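Undergrad: Please model the complete structure; the sequences and the hints are all you need to start from.
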Amino acid sequence: MTTPNKAGIYIHIPFCVKKCNYCAFLSGPAGPEVRQEYVNHLIEEIRLRSREVPEADTIYFGGGTPSLLTPEQIGHILEEVRKAFRITEGAEVTLEANPGTLTEESLAGYGNVGINRLSMGVQSMDDRRLRYLGRIHTAEEVRRDVKMAREAGFHNINLDLIFAIPGTDVSDAMEDLEAIAALEPEHISFYSLQLEEGTSFFRDFEAGKLREVPDETDRKMYHRGIQVLREKGYRHYEISNFARPGYESRHNSKYWNMAEYVGLGLGASSYTGHRRMVNETDLKAYSEMLDRGELAFMEVHENSEGDDMSEAVFTGLRREEGVRYRDILGSEEAFWEYFREALPEAREYEAGGFLEMTDEGLRLTERGIDISNGIMALFV
Amino acid sequence: MDYLKNIRNFSIIAHIDHGKSTLADRLIEKTGLVQSRDMKEQYLDNMDIERERGITIKLQTTRLHYKAGDGEEYILNLIDTPGHVDFNYEVSRSLAACDGAVLVVDATQGVEAQTLGNVYLALDEDLEILPVLNKMDLDSARPDEAKEEIEDIIGIDAEDAPLISAKTGMGIDDMLEKLVQVIPPPQGDPNGRLKGLIFDSYYDSYKGVVIYTRIFDGSVKKGDFIQLMNTGKSYEVTEVGYCIPGMVPSKELKAGEVGYVCASIKRVADARVGDTITHTDKPTDKPLKGYKKAQSMVYCGVYPAEGEKYENIKDALEKLQVNDAAFQFEPENSAALGFGYRCGFLGLLHMDVIVERLEREFGLDVITTLPSVIYKVIMADGTERMIQNPTNLPDPAEISRIEEPIVKAEIMTPKDYVGSIMTLCQSRRGNMTHMEYLTETRVLLTYDIPLNEVIYDFFDALKSRTRGYASLDYEFQEYRPAKLVKLDILLNKEVIDAFSSIVPEEEAYAKGRNICAKLKKIIPMHQFEVPIQAAVGRKIIARETVRAYRKDVIAKCYGGDISRKKKLLEKQKEGKKRMRQFGTVEVPQEAFTEVLKFDDTE
Numbered sequence: 001m002t003t004p005n006k007a008g009i010y011i012h013i014p015f016c017v018k019k020c021n022y023c024a025f026l027s028g029p030a031g032p033e034v035r036q037e038y039v040n041h042l043i044e045e046i047r048l049r050s051r052e053v054p055e056a057d058t059i060y061f062g063g064g065t066p067s068l069l070t071p072e073q074i075g076h077i078l079e080e081v082r083k084a085f086r087i088t089e090g091a092e093v094t095l096e097a098n099p100g101t102l103t104e105e106s107l108a109g110y111g112n113v114g115i116n117r118l119s120m121g122v123q124s125m126d127d128r129r130l131r132y133l134g135r136i137h138t139a140e141e142v143r144r145d146v147k148m149a150r151e152a153g154f155h156n157i158n159l160d161l162i163f164a165i166p167g168t169d170v171s172d173a174m175e176d177l178e179a180i181a182a183l184e185p186e187h188i189s190f191y192s193l194q195l196e197e198g199t200s201f202f203r204d205f206e207a208g209k210l211r212e213v214p215d216e217t218d219r220k221m222y223h224r225g226i227q228v229l230r231e232k233g234y235r236h237y238e239i240s241n242f243a244r245p246g247y248e249s250r251h252n253s254k255y256w257n258m259a260e261y262v263g264l265g266l267g268a269s270s271y272t273g274h275r276r277m278v279n280e281t282d283l284k285a286y287s288e289m290l291d292r293g294e295l296a297f298m299e300v301h302e303n304s305e306g307d308d309m310s311e312a313v314f315t316g317l318r319r320e321e322g323v324r325y326r327d328i329l330g331s332e333e334a335f336w337e338y339f340r341e342a343l344p345e346a347r348e349y350e351a352g353g354f355l356e357m358t359d360e361g362l363r364l365t366e367r368g369i370d371i372s373n374g375i376m377a378l379f380v
Numbered sequence: 001m002d003y004l005k006n007i008r009n010f011s012i013i014a015h016i017d018h019g020k021s022t023l024a025d026r027l028i029e030k031t032g033l034v035q036s037r038d039m040k041e042q043y044l045d046n047m048d049i050e051r052e053r054g055i056t057i058k059l060q061t062t063r064l065h066y067k068a069g070d071g072e073e074y075i076l077n078l079i080d081t082p083g084h085v086d087f088n089y090e091v092s093r094s095l096a097a098c099d100g101a102v103l104v105v106d107a108t109q110g111v112e113a114q115t116l117g118n119v120y121l122a123l124d125e126d127l128e129i130l131p132v133l134n135k136m137d138l139d140s141a142r143p144d145e146a147k148e149e150i151e152d153i154i155g156i157d158a159e160d161a162p163l164i165s166a167k168t169g170m171g172i173d174d175m176l177e178k179l180v181q182v183i184p185p186p187q188g189d190p191n192g193r194l195k196g197l198i199f200d201s202y203y204d205s206y207k208g209v210v211i212y213t214r215i216f217d218g219s220v221k222k223g224d225f226i227q228l229m230n231t232g233k234s235y236e237v238t239e240v241g242y243c244i245p246g247m248v249p250s251k252e253l254k255a256g257e258v259g260y261v262c263a264s265i266k267r268v269a270d271a272r273v274g275d276t277i278t279h280t281d282k283p284t285d286k287p288l289k290g291y292k293k294a295q296s297m298v299y300c301g302v303y304p305a306e307g308e309k310y311e312n313i314k315d316a317l318e319k320l321q322v323n324d325a326a327f328q329f330e331p332e333n334s335a336a337l338g339f340g341y342r343c344g345f346l347g348l349l350h351m352d353v354i355v356e357r358l359e360r361e362f363g364l365d366v367i368t369t370l371p372s373v374i375y376k377v378i379m380a381d382g383t384e385r386m387i388q389n390p391t392n393l394p395d396p397a398e399i400s401r402i403e404e405p406i407v408k409a410e411i412m413t414p415k416d417y418v419g420s421i422m423t424l425c426q427s428r429r430g431n432m433t434h435m436e437y438l439t440e441t442r443v444l445l446t447y448d449i450p451l452n453e454v455i456y457d458f459f460d461a462l463k464s465r466t467r468g469y470a471s472l473d474y475e476f477q478e479y480r481p482a483k484l485v486k487l488d489i490l491l492n493k494e495v496i497d498a499f500s501s502i503v504p505e506e507e508a509y510a511k512g513r514n515i516c517a518k519l520k521k522i523i524p525m526h527q528f529e530v531p532i533q534a535a536v537g538r539k540i541i542a543r544e545t546v547r548a549y550r551k552d553v554i555a556k557c558y559g560g561d562i563s564r565k566k567k568l569l570e571k572q573k574e575g576k577k578r579m580r581q582f583g584t585v586e587v588p589q590e591a592f593t594e595v596l597k598f599d600d601t602e
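Chains A and B, in that order, are what the protein sequence lines are. Reminder that position 156 of the first sequence reads as 156 in full-length UniProt numbering, one-by-one numbering, no gaps. Reminder that position 524 of the second sequence reads as 524 in full-length UniProt numbering, one-by-one numbering, no gaps.
Read the hints as simulated data drawn from the structure, not as lab findings. Everything numeric in this text was worked out from a predicted model, so none of it was measured. Just so you know, even glycine gets a beta-carbon here, dropped at the ideal spot from N, CA and C. Take every hint as true, because none was put in to throw you off.
With a cut-off of at most 25 Å between alpha-carbon atoms, the simulated PhoX-like pairs for lysine-lysine come out as follows:
#, chain 1, residue 1, chain 2, residue 2
1, A, K83, A, K6
2, B, K521, A, K220
3, B, K556, A, K220
4, B, K233, B, K292
5, B, K67, B, K5
6, B, K521, A, K209
7, B, K251, B, K67
8, A, K232, B, K556
9, B, K571, B, K556
10, B, K520, A, K209
11, A, K220, B, K520
12, B, K556, A, K6
13, B, K521, B, K493
14, B, K556, A, K19
15, B, K518, A, K209
16, B, K266, B, K293
17, B, K319, B, K309
18, A, K6, B, K566
19, B, K511, B, K376
20, B, K376, B, K292
21, B, K556, A, K18
Label-pair ranges, simulated between beta-carbon atoms:
#, chain 1, residue 1, chain 2, residue 2, range
22, B, R142, A, G198, 26 to 32 Å
23, A, G134, B, K576, 35 to 41 Å
24, B, E145, A, R203, 28 to 34 Å
25, B, T231, A, F205, 55 to 61 Å
26, B, L138, A, A207, 23 to 29 Å
27, A, E104, B, L138, 54 to 60 Å
28, A, G198, B, E384, 55 to 61 Å
29, A, G330, B, Y310, 38 to 44 Å
30, A, R203, B, M435, 37 to 43 Å
31, B, D157, A, A207, 39 to 45 Å
32, A, E197, B, Q581, 31 to 37 Å
33, B, E145, A, F205, 34 to 40 Å
TA: The following block contains the structure:
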């Protein structure tokens, strides 16, 4: 199996102003001291893991709300990353930034320390829905912050948008989408709300206080959304991601094409040297391990060749271009020899218009995306 | 007969998770038989399924040595009891083998139903009861309230109940001291005629059936000829001994003692729990009271799942039967599922356990059909047929009447729940025959109720409506005529015989709707619409549709967490393997049991 040779660096910042109602990520409010202490541990981890990959061309600060760290802190981390890893000239360096946490100064500061892409968690452009989601900002603040970011010189901006928020219909979702598109971001992440265990939404759901948007409506929103964004010149390059040509997220693409990535920070996932690792998810344990000078892994899984193969297929199927037999097993014959048990059902999905199968490879159709888990499961 | 005063035969009675097994572990550890480091957790529950569900099905017996404060050495025989209404009879026989019982009450929870049911069984056997309060290591322990409950609800003195923590070992010594003081030594005449109670038996491939027994009078040794009084058969004893645990042979077993007897018996069905052992040549005049024959109350079909071999199932069922007197089976076939077996069980839990053992111990992939009771069908020509499988119900035109088994159900409950129990029983076609205040707060309700209503989810419903406080016991009474019809389920217009059931005519509509709604949730999306219909005869009485559309996509793949996503897909694939194809429709195997699950929204 061929693997792209440049890696990505992911850095998790587990802090936010306040937990959103739908959010199941490792994140929570914390004071400035805790944040600084975390940065120190992060730097410790960066040093311990230096040279884990030969070269990286993307760096991604995810969260949480990484924009709760000051430009100095971000700069300090980046400096350490550049010392520990060879970073390609012109690397994509993304910061997840939440509206309501940004100022002209901080934006300028992030730019100065090397951030060249912003990913903003907008989620909706309707104040009522924003409040319902538990967001800390208004739609007006989003407009203001995007404008501020442009003025600070950011030319590569992603805006996240959630659809299928309980109580919404297709027109609500399209309103949100139009309002987001009107801000003319280079990249839009348009994804369906997932009820995750441990969230406030999930508890409401269990208690019968929250009704999910019906699947039919959810899918109408999705397919209508794809159409709208396509008409506006966005390429639908991954299940939930849309970009103007040339602005696809290079970092996230690594997850879908089996490139290596070094995950740093609390609970971060890594894939290097055909091993999948997950860091400790408990802040205290994470900190203590690093204080002792130990790597903070909670899980290490040595991928077999078969693991790599099936992961390559199911992550690859998330992409518009799908997977090529050549990249995975060298040839169509070899591919179907290896996955022969999946073939009869794959043929059925093909006949049903859910999967395209050519002599080059496989890709999901737009309808196929709706039931993609079932198709992907054929290959695990 | 001096040796008797240094023996104590006792059981531990506890609600499911109040710590019976942990306490047993601690006792075994304290009395030095098993080194701590060799302790598996919950030593007595030795089947995986028991361990997982925290229930005990097959009994374990242990002989412990304890040196008490008075300087005397005591032999403590701990006799385990199973923990479910399906096995009430087995529980009562275990208790009959004891002279006392340790009642474990969770000091954080207080008295609960199961405890109560078993306490009453123990009182029926005139056992001395030693209450102890467990989980005293927890901050939430409320010993005073728990004591009060024991006194109010059960009516036994709990003032001096030892406070223990089975988990940490706290208070165990004190408890053991109390145990030898409170629980009386056994009585009996070692020189009298042999009288021993079988309270459990299991099949060992080297020794044949191993009988667990409590000797009440006389003694038994290797070479004796013994008779099992209820089956009437005689055998030569090949070995006797104590369970320490693990079998340790001894010269003899005599009055007051607990141990095992082997006599080349081939099937456990021949050494049924509750039977009396005596000498063939010098029998005792009458057997111990309380013997009942094993009787299957619930039947269901067991079929090989996709790719499983029929012969494998047969082999496994035969092996299970050797060790389970209450389990029966015979071949049958189904249009939907092919060749399989109709199996008879004591109750629903017994059924679950057997099915799980087939899957786990034997690695088999099986499908079970809706459980059913046995109906008596009186044909127009006057002949009678016993129907175990709803599919075999003859054409209504040829039937004169159908009769169903009625049980006498005794429900014991705190008085606050009488109202909701009455509502429940009424909705299950129950007929109250008696109501009695046992104490100011405890009531005994007696109902005649169709067995069919009891087997599905009655016990769950009862527990849920009484916060677990009510206890249930039932026994077969008689067959009575009832207006019953066959309810069929159709998937994509085809009758799936394995889903057919016999239901009261007036409930057919509600039941049909309920099953359709449940199937709608369970059956996955297909590439076409799947109609689910319920029908009585030709008439469709309920309908649902599985839309050809259901979202099944992970919207976002966060932060490269591929492992989690992969696990999800693996789970999905595993689920798919367990699908059963009916024509063009795929049905998950759990559908067969899922449609029965208790649902309090009914």
